[in-house]
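Q: Each chain, written out:
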Amino acid sequence: MEKSNKGVKLVGFWVSPFVQRVKWGMKLKGIEYDYIEEDIFNKSPLLSQLNPLTGKVPVLVHDGNPLPESAIILEYLDERWPHAPLLPLDPYERAQARFWARFVEEKILESTRLAALRSEGEIQEREVKLAIEHLEKMEEKLGGKSRFFFGDDTIGYVDLMMGFVAYILPVWEEITAVRILDAARFPNLAAWKNNFLNHPVIKDDLPSKDEMLTYFQWRRKVNLKKI
Amino acid sequence: MALKLKAVEYEFVETDPYNKNELLLKTNPVHKKIPVLIHGDRPVCESLVIIQYIDDVWGDGPSILPSDPYQRSLARFWAAYVDDKLLPLFKELKEEKDKDAKKGIIKKMSENFILLEDAFVSCGEGKGFFGGDEVGYVDIVLGCFVGSMRAIEIVMDVKFLDKNTSPGLVAWAERLCADSIVKDVIPTTQKLIDFIAARAQQKA
Chain P
1 MEKSNKGVKL VGFWVSPFVQ RVKWGMKLKG IEYDYIEEDI FNKSPLLSQL
51 NPLTGKVPVL VHDGNPLPES AIILEYLDER WPHAPLLPLD PYERAQARFW
101 ARFVEEKILE STRLAALRSE GEIQEREVKL AIEHLEKMEE KLGGKSRFFF
151 GDDTIGYVDL MMGFVAYILP VWEEITAVRI LDAARFPNLA AWKNNFLNHP
201 VIKDDLPSKD EMLTYFQWRR KVNLKKI
Chain B
1 MALKLKAVEY EFVETDPYNK NELLLKTNPV HKKIPVLIHG DRPVCESLVI
51 IQYIDDVWGD GPSILPSDPY QRSLARFWAA YVDDKLLPLF KELKEEKDKD
101 AKKGIIKKMS ENFILLEDAF VSCGEGKGFF GGDEVGYVDI VLGCFVGSMR
151 AIEIVMDVKF LDKNTSPGLV AWAERLCADS IVKDVIPTTQ KLIDFIAARA
201 QQKA
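For the record, the sequence lines run as chains P and B. Under this note's numbering, the residues of the first sequence are numbered 1 to 227, in order. Under this note's numbering, the residues of the second sequence are numbered 1 to 204, in order.
It is worth saying that the hints were derived from the structure and are not from the lab. One thing to keep in mind: the hints can contain errors.
[What the hints assert, rightly or not] Restricting the straight-line Cα-Cα distance to at most 25 Å, the calculated cross-link-like pairs of lysine-lysine (DSS-like) are:
hint, chain 1, residue 1, chain 2, residue 2
1, B, K191, B, K203
2, B, K85, B, K33
3, B, K85, P, K107
4, B, K159, B, K108
5, P, K129, B, K32
6, P, K43, P, K56
7, P, K107, B, K33
8, B, K97, B, K203
9, B, K183, B, K6
10, B, K99, B, K203
11, P, K209, P, K226
12, P, K137, B, K33
13, P, K6, P, K43
14, P, K107, B, K91
15, B, K91, B, K159
16, B, K108, P, K56
17, B, K32, P, K141
18, B, K20, P, K137
19, P, K107, B, K26
20, B, K97, B, K108
21, B, K33, B, K4
22, B, K33, P, K129
23, B, K26, P, K137
24, B, K26, P, K141
25, P, K145, P, K193
26, B, K85, P, K56
27, P, K107, B, K94
28, B, K191, B, K103
29, P, K107, B, K32
30, B, K26, P, K129
31, P, K43, B, K85
32, B, K33, P, K141
33, B, K85, B, K102
34, B, K107, B, K85
35, P, K107, B, K20
36, B, K32, P, K137
37, P, K145, B, K26
Working from the sequences, and respecting the hints, build out all of it.
A: In structure tokens:
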């Protein structure tokens with residue numbers, strides 16, 4: 001057991017978009033923390049101890065208390081460190097933000113990940129079509145008015161949840177040679193992506209594109225049982 | 001249950017989820033699902049989002065979520081667990097026609113209940129509910145299934161909650177059903193049994 005339980009630790013895996021969300025959240029709030037890299041293909045006893053239920057990263061450990069699930073961690077950060085809020089303050093806007101965050105997770109992440117990493121042929125075509133339909137809703141949500149979702153000019157919860165679309169989806173598109181986020185079809189999302197990637201907290205804290213390409217190419221092969 | 005807890009007056013609009021009406025399609029165009037809370041003229045969708053909204057807006061009444069940020073996060077975690085793991089199994093159970101396959105699903109659900117037993121002990125801190133002395137967020141999110149579970153137990157002659165492996169939850173379910181927040185809100189067991197029979201006939 002740790003000698004000192006005080007402070008913030010984040011257990012993560014370098015390429016996980018879920019871990020990345022939490023890192024961004026902590027950086028936006030200026031929270032200092034110790035980062036512990038975990039090999040998810042060779043999990044340490046620490047991870048099993050901190051997250052016995054799912055064994056997944058990220059796990060935030062605050063003063064010895066472990067908390068998994070990126071969306072839940074981000075809300076916790078907001079409640080413990082209320083400055084630089086990630087979620088809107090108005091209850092109705094908060095409800096909308098939570099609704100859309102679930103949509104991003106359950107629909108957009110699911111379909112894009114399935115299309116890129118776990119399918120080919122007809123199934124892949126179906127998932128690509130679904131992903132595009134789901135993205136259309138986010139396109140509409142942006143409406144060409146604001147730089148970010150819900151926060152207008154301030155990056156927030158839904159932006160962080162959507163973040164993988166900005167920096168991982170292009171990698172997935174490259175390895176599968178499919179086009180999901182076409183700038184011509186999604187001008188609002190293309191502009192949002194640009195704003196997001198150029199945000200000072202985001203732009204200096206992304207995994208290397210080459211490393212991501214190698215990693216995801218390998219994952220796709222494993223998932224499709226080609227290696 | 002959440003609205004009852006906060007003593008919020010509301011109008012209930014009965015909607016057939018198998019025959020969706022215009023109001024539903026207009027207020028939840030993304031998922032086209034119930035429940036939808038319409039506050040003034042603004043819709044809020046997704047039950048977990050709605051419950052948190054109710055807690056946020058009607059801040060004067062008893063709290064649904066714990067006040068401590070870490071306990072709130074754990075409550076959110078378990079609520080999401082119920083929604084992501086248990087709910088799909090309920091849906092599978094409803095759709096499944098084969099008796100043996102049904103028993104297999106119930107077995108999986110019992111395994112989840114064993115995990116929830118641990119959660120009950122730690123969240124509730126030895127008290128009557130996940131929320132402690134009073135009904136809280138996880139009680140509501142899990143508790144909404146208790147009525148259907150009772151009905152299915154009678155119809156299929158099975159047990160979801162085992163006194164040996166989940167004694168805490170067995171007592172919790174009794175306590176919850178006796179609480180006015182649940183008792184006056186969920187349909188009676190007989191009504192649910194009739195509903196299950198009617199659906200089975202429709203599908204046959």
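Q: Holds or violated: B:K97 with B:K203, Cα cutoff 25 Å?
A: Since the Cα atoms of B:K97 and B:K203 sit roughly 10 Å apart, the hinted pair holds (cutoff 25 Å).
Q: Going straight from one Cα to the other, do B:K26 and P:K137 come out at no more than 25 Å?
A: 15 Å, holds
Q: Is the straight-line distance between the alpha-carbon of B:K26 and that of P:K141 25 Å or less?
A: 16 Å, holds
Q: Is the hinted pair B:K159 and B:K108 satisfied, with a Cα-Cα distance of at most 25 Å?
A: 12 Å, holds
Q: Is B:K85 within 25 Å of B:K33, Cα to Cα?
A: 19 Å, holds
Q: Does P:K43 pair with B:K85 here, judged by a C-alpha cut-off of 25 Å?
A: OK: P:K43 and B:K85 at ~23 Å, within 25 Å.
Q: Under the criterion that the straight-line Cα-Cα distance not exceed 25 Å, is the pair B:K33, P:K141 satisfied?
A: Since the Cα atoms of B:K33 and P:K141 sit roughly 19 Å apart, the hinted pair holds (cutoff 25 Å).
Q: For P:K107 and B:K20, compute the direct alpha-carbon distance and say whether it is at most 25 Å.
A: Holds, at roughly 22 Å.
Q: With the threshold set at 25 Å, check whether the alpha-carbon distance from P:K107 to B:K91 stays at or below it.
A: 19 Å, holds
Q: Starting from P:K43, check that the Cα of P:K56 is at most 25 Å away, please.
A: OK: P:K43 and P:K56 at ~9 Å, within 25 Å.
Q: Is the straight-line distance between the alpha-carbon of B:K26 and that of P:K129 25 Å or less?
A: 24 Å, holds
Q: Run the distance test for P:K107 versus B:K94: straight-line Cα separation, threshold 25 Å.
A: 23 Å, holds
This entry satisfies every hint, going by the numbered hints stated previously.
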